[in-house]
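Peer 1: Here are the chains, one letter per residue:
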Amino acid sequence: MSVLRREGIDVPVLCHHEAIEPCGSCRLCTVEITKDGWGGWKRHVTSCLYPAEEGLVVVTHSPELIEIRRNILDLYLARCPQSEVIQKMAEEYGLYKTSYETIPDGDNCIMCYACTRICEVLGKSAISAVMRGHKKVIAPPFGEQPPDCIGCLSCAHICPTDVIAWKDDDGCRTIWNKPFELISCSRCGKKTITREFADYLIGKRNLPRDYFTVCDDCKRQDLALKMGALVDRAKEVAI
Amino acid sequence: MRIDSIEKLNRWRAECRRAFEAPKRKVTICRGESCLANGSEEVFDEFKRLVAEKSPSGLAVESVCKTGCHGFCSQGPLVIIEPDGTLYTKVKKSHVAQIIDDTLIGGKVLDRLLYVNPQPEEKIADYHKIPFLARQQRISLRNCGLIDPHQISDSIAVGGYAALSKVLTTMTPQQVIDEVAKSNMRGRGGAGFPTGRKWATCAGVESDVRYVICNGDESTPGAFSDCTTMGSDPHSVLEGMIICAYAVGSSQGYIYVREEYPLAVVTLQKAIDQAREHGLLGNNILGTALCFDINISRGGGAFVSGESSALMRSVAGEIAEPQARYVRSAVKGLHDKPTVLNNVETFATIPVIIERGADWFAAIGTQKSSGTKAFSLTGKVNNPGLVEVPMGTPLREIIFDIGGGIPGGRKFKAVQTGGPLGGCLPEDKLDMPVDFDSLTEAGSLMGSGSLVVMDDRTCMVDVARFYLGYLASESCGKCVTCREGLYQLHRLCTKVTKGEATEADLSLMERLAQTIQKASLCALGQSGPNPFLSTIKYFRDEYLAHVRDRKCPGGVCRSMITYVINDDCIGCLACLRGCPVGAITGEKKQKHVIDQVKCDRCGSCHAVCRYEAIDIV
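These protein sequences, in sequence, are chains A and B. Take 0 as the starting number for the first sequence in numbering that gives the first Met the number 0 and just add one per residue. Take 0 as the starting number for the second sequence in numbering that gives the first Met the number 0 and just add one per residue.
If you're looking for bench data, these hints aren't it; they were derived computationally from the structure.
Label-pair distances were calculated between CB atoms; the ranges are:
#1 A/Glu91 / B/Asp430: 44 to 52 Å
#2 A/Glu52 / B/Asp436: 23 to 31 Å
#3 B/Gly316 / A/Met130: 17 to 25 Å
#4 B/His127 / A/Leu55: 54 to 62 Å
#5 B/Asp566 / A/Gly105: 47 to 55 Å
#6 B/Thr168 / A/Val57: 49 to 57 Å
#7 A/Ala138 / B/His127: 57 to 65 Å
#8 A/Asp104 / B/Ser93: 50 to 58 Å
All values derive from a computational prediction rather than experimental measurement. Yeah, the Cβ is synthetic: ideal placement off N, Cα and C, and Gly gets one too.
Starting from the given sequences, assemble the full structure and let the hints guide the process.
Peer 2: This is how it looks when you write it as C-alpha cells:
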C-alpha cells in the first residue's frame with residue numbers, strides 16, 4: 000500500500016491509516032499478484048498487508064478487481080446507505096443504489112477496526128469488537144462506560160465514516176457515554192483536553208505536572224513574546 | 000512410578016500386556032459419548048453388580064471393563080463378550096441379567112440383541128465380521144474401542160509409546176522428519192499440507208522457542224472423529240506430539256480442545272497426568288535429554304477457532320480472529336515463534352508411521368494422498384458412525400457397503416463432504432475416489448472428513464440456506480466479504496426457499512459468491528460460498544424450480560408445498576392427534592382431511608403416518 004501510494008497509484012481503501020498497523024478488513028485494496036517463479040499462478044491479496052518485494056508483479060485495476068471492489072461497495076451500501084463516504088466511493092464505481100436489501104437498523108459503522116486499533120496503539124484498548132458475524136459491533140466492555148477510556152477522541156477522529164458520536168459541552172466532554180471534565184487554561188480559560196488524557200500523557204511521556212495547565216495557544220504566545228523580546232534586545236545591541 | 004529408561008518401559012510393557020491379555024472371559028462396555036448418552040454407564044454398573052453377586056455361584060467372568068468408542072454409534076450401547084467376540088447392540092440395564100444368565104452362564108447367543116445388517120439382511124453375532132467394522136482399515140482409530148482410555152497401562156499394553164522409544168534410541172530428529180516426509184503424510188485438518196514439509200520448515204527456523212500445537216477444535220458440526228480419538232485413545236495423540244517435539248526441538252505443547260467436548264478434556268487431562276507421572280512427559284522423557292510438556296487450552300467453541308491463525312490467537316488469550324498470513328505459522332506462529340500445528344488425527348497417525356515405516360504408509364491410499372482417513376458418516380444412512388478407510392476409496396463404498404445405504408430404501412440424492420465449508424456432491428460423483436485433490440476438484444473439500452448423506456426428500460436449496468445461515472452466524476466478522484457477503488447470500492437463499500426470488504437474484508448470488516471466494520481474508524470466507532456454489536453447480540434444476548415454477552422438488556420448503564391425505568388413509572387418528580395446529584379432521588376408520596388454511600406445513604403428520612397416506616404436492 001505504501002509503495003502504491005508513493006508511486007501515485009490510486010487504490011481505494013477504508014480501513015487503513017498510517018498511524019496503525021494494517022488489518023485487511025475492508026478488502027477494497029485487493030490486488031492481484033504473481034511472480035516469475037510461480038509458473039503463472041496468481042493470487043488475490045490486500046495491498047495494505049502484503050509486503051512489497053523485488054520482482055513482484057502487481058495488477059491493481061483489472062476488470063476482475065474492479066468487479067470485486069464494486070461488489071464490496073455494493074455490500075457496504077446495503078450496510079450503511081446513509082454514509083456519504085461510502086456513497087461517494089460507490090458512485091466512482093457506477094453504483095447509486097445497493098443490489099441487496101439494506102440492513103435494518105444499521106448504522107454507518109463499517110467495522111474497519113480503525114478505532115480499536117488506534118486505541119490499542121495509544122496503550123488503552125478501552126473499546127473492542129464484540130459479538131461475531133454481521134452482529135459484530137464496536138463497544139466498550141459490557142456496554143457500560145469504558146473504564147479505560149481517557150476521552151482523547153482518537154477513535155472518533157480516525158473513523159472513516161464518522162460514526163463515533165462525541166460532544167464537548169460547557170467544559171464537559173462525552174464519548175462512549177462517559178463524561179469527562181475538560182481542563183481550562185489557567186491564563187485564557189480555554190478548554191483544552193480531558194483531565195484523564197492529560198494525566199495519562201504526563202505519566203507516559205514523563206512531562207512536568209503542570210505541563211497542561213496552560214493551553215497551547217498561550218504557550219505559543221509566551222514563546223512569541225520571548226522571541227520578540229530577544230529580537231528587540233538584539234536590535235538594541237546592534238544599535 | 001517413573002519410567003526413566005527404555006529398558007524399564009519395555010519391562011513395564013510386558014507386565015501391562017500380561018495384565019491386559021490375562022482375562023480370557025471378559026465383558027467390555029463402550030463408554031463413547033453416544034453410548035454414554037444412551038445409558039452405558041448404567042449397563043456397566045449393572046454388570047459389575049451382577050457379576051460380583053453371581054461369581055461365588057460359578058460365574059466365570061474375569062473382568063468387566065469399559066472401552067473407548069468403537070465408532071459404531073448408531074447401535075450403542077455396545078457390549079462385547081470375549082473370547083467369542085459376540086457383540087450385543089442397544090443394550091439396556093434391563094437386558095443385563097438375561098445376558099449373564101443366557102450367554103455367560105448358558106453359553107447361548109441372545110438373538111434379539113444382535114446387530115441386524117441392512118443389506119443383505121441378516122443377524123451377525125461376531126464383532127469382527129460386521130461389514131461396517133470389517134471393511135475398515137483403522138490406523139488413527141486403531142485403539143478406539145480396544146482399550147480403556149483412562150488406563151495408561153492399556154495403552155502401553157497395545158504398543159503405546161513404542162514408536163517414541165524407537166525414535167529416542169535409533170533416530171535423529173532429522174531422520175524423524177525425513178521419515179514423515181517420505182510417508183507422504185498430508186495434514187488431516189482439511190487443507191492437506193504435507194506434514195513432513197511443515198515440520199522441516201519449523202525445525203529450520205532459527206529460534207529459541209518452538210511450539211507444538213494439536214488442533215482438537217473440530218468445529219465442524221457433523222464431525223466427531225477427533226473427539227473420539229481424544230476421548231478413546233489420548234495417548235496416541237500425546238505420543239505423536241512428543242515425537243514431533245523431538246523432531247522440531249520444542250519443549251512446550253498445547254492441545255486446543257473445545258469446551259463442548261467435556262469428556263475429551265477430562266480424558267486428555269487424565270492421560271497427560273498419567274504420562275507425567277510415568278516420566279513420559281516433562282523433563283528428561285524416558286531418561287533422555289528430551290524435555291517436553293503439554294497443556295490443554297480450552298476454546299470457547301467458535302467455528303473459526305479451528306482456523307490456524309485464529310486458533311493461535313485464542314491459545315494466546317486473544318479474540319479468535321484469523322490474521323492474514325503471508326508468513327507460515329511454521330515460521331511465525333504462536334507468540335510469533337515457529338509453531339507446528341497439526342490435527343488430532345495427524346498426531347495419532349504419526350506413531351504408526353514411525354513404527355511400521357514410511358514405505359508401508361505411503362503404499363496405502365492414492366499416490367498424492369497416502370494413508371487412511373477417518374470419516375464421520377452421518378445423515379440419512381443406516382449405520383452412522385466413524386469410518387476409517389484408505390484414501391481413494393469411492394464414496395459409494397463408504398456410504399453403501401460400509402454405511403449400509405439409505406434407510407427405508409430411499410433414493411440417494413447428495414452427500415455433503417467436509418462440513419459446512421464443503422460442497423454437496425450428486426449421485427454421479429459417487430464412484431469418485433475420495434482424496435484431497437479429487438474433492439477439491441469437484442468443488443468440495445476433505446475438511447474435517449464429515450460426510451452428511453441426504454436422500455430424495457432433501458431440498459438442496461434448503462440445505463444451502465441452512466449451511467449459509469450457520470456460516471454467516473459463525474463468521475468472525477473481521478472482513479467485509481465474509482461478514483456482509485455471507486449474510487446477504489443467506490438472505491437471498493432464504494428468499495429462494497420462500498418462493499420470493501427471481502432469476503436475477505440467482506445471478507446476483509453467483510456474482511456475490513465469487514467475490515466472497517476471491518476477496519475474503521481466511522479459509523472460512525473463501526470457502527464460505529461452497530454450499531451455494533456446489534448446489535447450484537450440481538442441482539441448478541432445483542433452484543430454477545423454486546424460482547420459475549415456485550415448486551420445491553424435495554418437498555421441504557414450506558411456502559411451496561401442500562400436504563394432502565390420499566386414499567391409503569385408514570383413519571388411525573395418529574396424524575390428527577399429532578397435528579400441533581389442529582388442522583386435521585376425521586373420524587376413526589375414515590379418511591382424514593387437512594384444512595389447508597389452518598395447516599402450517601410442519602410435516603408432523605407426514606412423519607407419523609405409517610401408511611404413506613400423506614402426499615406432498
